[in-house]
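Student: Sequence:
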Amino acid sequence: MKAPNEVVTKALLRQVNVPGLDRPAALITLDNGFDHTKPNTFGPAGLTSLDEAITAALAADPAFIAVTGKPYIFCVGADIVGLPQLADRAQALEIGRLGHRVFARLKDSTVPTFAFVNGAAMGGGLELALHCHYRTLSGGAAALALPEVSLGLVPGWGGTQLLPNLIGIPAATQVIIQNPLMQNKMLKPKQAAELGIADVLLEPADFLERSLEWAAGVVRGQVTVTRPEVDKDMWAGVLYFARETLNQRLHGAVPAAYKALDLLETAKDGDFAAGTAAEDEALADLVFSEELRSGLYAFDLVQRRAKRPAGAPDKGLARTITKVGIVGAGLMASQLALLFARRLQVPVVMTDLDQSRVDKGVGYVHTQIEKAVTKGRMDKNTAAKLYGLVSGTVDKSAFADADFVIEAVFEDLGVKKQVWAELEKIVSPEAVLATNTSSLSITEMAAELEHPERVVGFHFFNPVAVLPLLEIVRGERTDDATLATAFAVGKQLKKSSVLVKDAPAFVVNRLLTRFLGTVFAAVDAGTPLDVANSALDPLGLPMRPLALLQLVGPAVAYHVGGTLHAAFPDRFGVSENLKRIADSGQPIVVDDQVNDEVAKLLVVGDQPLTEEQVRQNALDALAQEIRLMLDEGVVAEAQDIDLCMILGAGWPFHLGGVTPYLDRTGTSERVTGQRFLPRGAASLPA
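Using the working numbering, the letters of the sequence shown map in sequence onto residues 92 to 777.
These are computed hints drawn from the structure, not numbers from a lab. Treat the hints with caution; some may be incorrect.
[As the list claims (entries may be wrong)] Straight-line distance between alpha carbons at most 27 Å, and here's what the computed DSSO-like set of lysine-lysine pairs gives:
1. K359 with K414
2. K487 with K451
3. K476 with K414
4. K279 with K398
These numbers were taken from a predicted model, which means no experiment stands behind them.
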């Protein structure tokens with residue numbers, strides 16, 4: 092059986108003679124025939140191929156059976172592209188049962204079975220490895236994870252049953268639930284080995300040879316594998332705490348996370364058949380959920396669209412960057428200096444108004460490098476190189492030979508125009524001038540320059556090292572070579588770049604300001620702070636509105652709000668209460684609870700709203716603003732809006748960003764008269 096459009100991962104069997112064994116071992120290599128850019132996945136035909144390879148391997152009476160992957164890739168799990176094509180629940184059940192039946196052959200084998208995890212292993216790929224009796228792991232494996240919950244699924248091929256009984260319930264809960272909900276956090280090989288997912292961690296250079304040698308030692312009894320006993324007494328307590336945490340964070344908004352908790356609870360008694368049957372049922376339920384369709388849509392955006400930015404010019408136009416200049420030495424500028432040095436491996440020089448600021452900025456970079464070495468994230472040779480690449484000065488003439496200069500100074504148009512006017516006299520005519528502005532006009536910033544065509548918006552999100560979005564903003568006179576260089580640099584920085592028109596506050600800040608402005612307007616009207624703060628809980632957003640406002644900073648939010656109010660006074664108000672909070676310096680929330688001292692500062696009306704009214708007003712405002720942005724051509728399509736909100740604002744996969752949720756709830760059509768996406772694109776078909 093082959094699913095439509097399935098790229099079949101074949102299980103290629105060969106006999107391998109291993110020194111010290113009286114008969115060959117059976118080595119099964121998973122390979123879909125493509126390079127590492129198209130990872131191995133399992134659809135029905137791929138599972139059938141593995142089943143046949145196991146049968147043939149057992150028939151040869153091998154010393155042991157080992158499964159490994161093609162170069163750099165073990166297997167990244169089920170072929171999720173085929174999930175929306177399943178016609179009914181029975182088909183979903185059959186896919187789950189097929190995977191369980193085939194994988195169980197490795198678990199139940201009387202011949203020793205090994206997984207040689209040579210590369211990325213995610214989802215069903217990691218579950219396959221867990222079914223083997225023993226696991227070796229390459230230190231070069233790119234990522235290991237059970238990411239299903241982030242998509243709206245659960246590990247459906249044994250992961251919820253095997254992992255907690257291997258590494259304990261606290262660590263299993265982290266891998267299966269917590270990590271997927273933290274921007275789909277991956278495990279590095281060392282972390283996976285420390286958790287006990289692998290029995291031994293080996294160097295990548297001769298990984299297969301050392302794995303065969305190690306496996307032979309196990310078979311001969313010369314290598315003893317010991318694993319710590321799993322503490323069953325703490326099972327219920329850990330799951331209770333995890334459920335309470337989910338309730339506080341998600342408020343029931345991610346059904347898959349709660350299903351995963353139920354399955355982990357089932358795993359305690361060790362009845363593997365009952366547990367995997369429960370996985371099958373959970374998988375079948377979730378395959379036909381709106382959350383999964385939104386999750387698959389979000390996954391496609393992050394994995395595909397983000398790598399081929401809409402509207403990006405021909406990459407052949409990009410100029411080579413040999414030196415980077417950074418105007419400013421504050422926190423944002425210092426983060427940028429470290430990022431550019433690490434990724435581009437070219438000299439980076441920072442400037443500021445006085446030497447003390449410069450020294451502080453360079454000192455920050457050195458401190459971060461030292462921390463990375465201490466934590467084992469960077470070797471000393473790399474650290475020494477980075478120390479030499481990053482420097483600081485008060486003399487802007489140091490930018491004379493820079494190919495790319497980015498400013499991260501105070502968010503004031505006059506200040507930024509003055510910076511560029513000074514620098515244009517120093518840098519070459521071809522040097523790209525990039526601004527990290529969060530809301531100001533690129534076109535206005537470049538208007539008085541001799542070469543406005545080389546000015547481009549390069550808007551990062553804080554913290555720079557964590558958030559992957561980069562809004563690349565094209566001014567009215569930005570040329571293709573500058574834009575192509577900006578995209579090339581963004582790729583080198585390992586950021587996901589989205590092309591944005593030069594419009595006030597661009598994408599993420601414009602939408603968040605409209606969103607937060609609507610919530611705060613309810614506060615101004617008399618809605619209690621705690622009511623406004625909890626109004627959006629049913630969406631399962633990563634932060635409540637007031638916590639987000641505190642993270643952004645009331646002063647910054649007030650400033651950006653003022654910029655947008657000047658551009659769109661009918662939709663963006665200016666809250667004097669927000670200014671009062673900013674001036675007071677008081678935190679709005681403490682431990683996710685509203686600060687009563689802040690409430691005393693407010694001057695409010697006598698028309699409080701309910702949570703439902705606040706929520707609907709916020710959603711209506713988002714729908715209206717997105718439609719206007721699309722009509723203005725701020726981005727190419729609604730998909731780019733969603734990509735920006737997922738990568739720049741942390742909006743969850745189960746919502747698909749913003750527009751699928753607005754479509755799903757009927758908000759889009761009620762507010763704008765039409766859906767943002769065709770039915771079935773991020774939702775169940777009609």
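Student: List in ascending order the numbers of the hints, as given earlier, that are violated by the structure.
Tutor: Violated: hint 1 alone.
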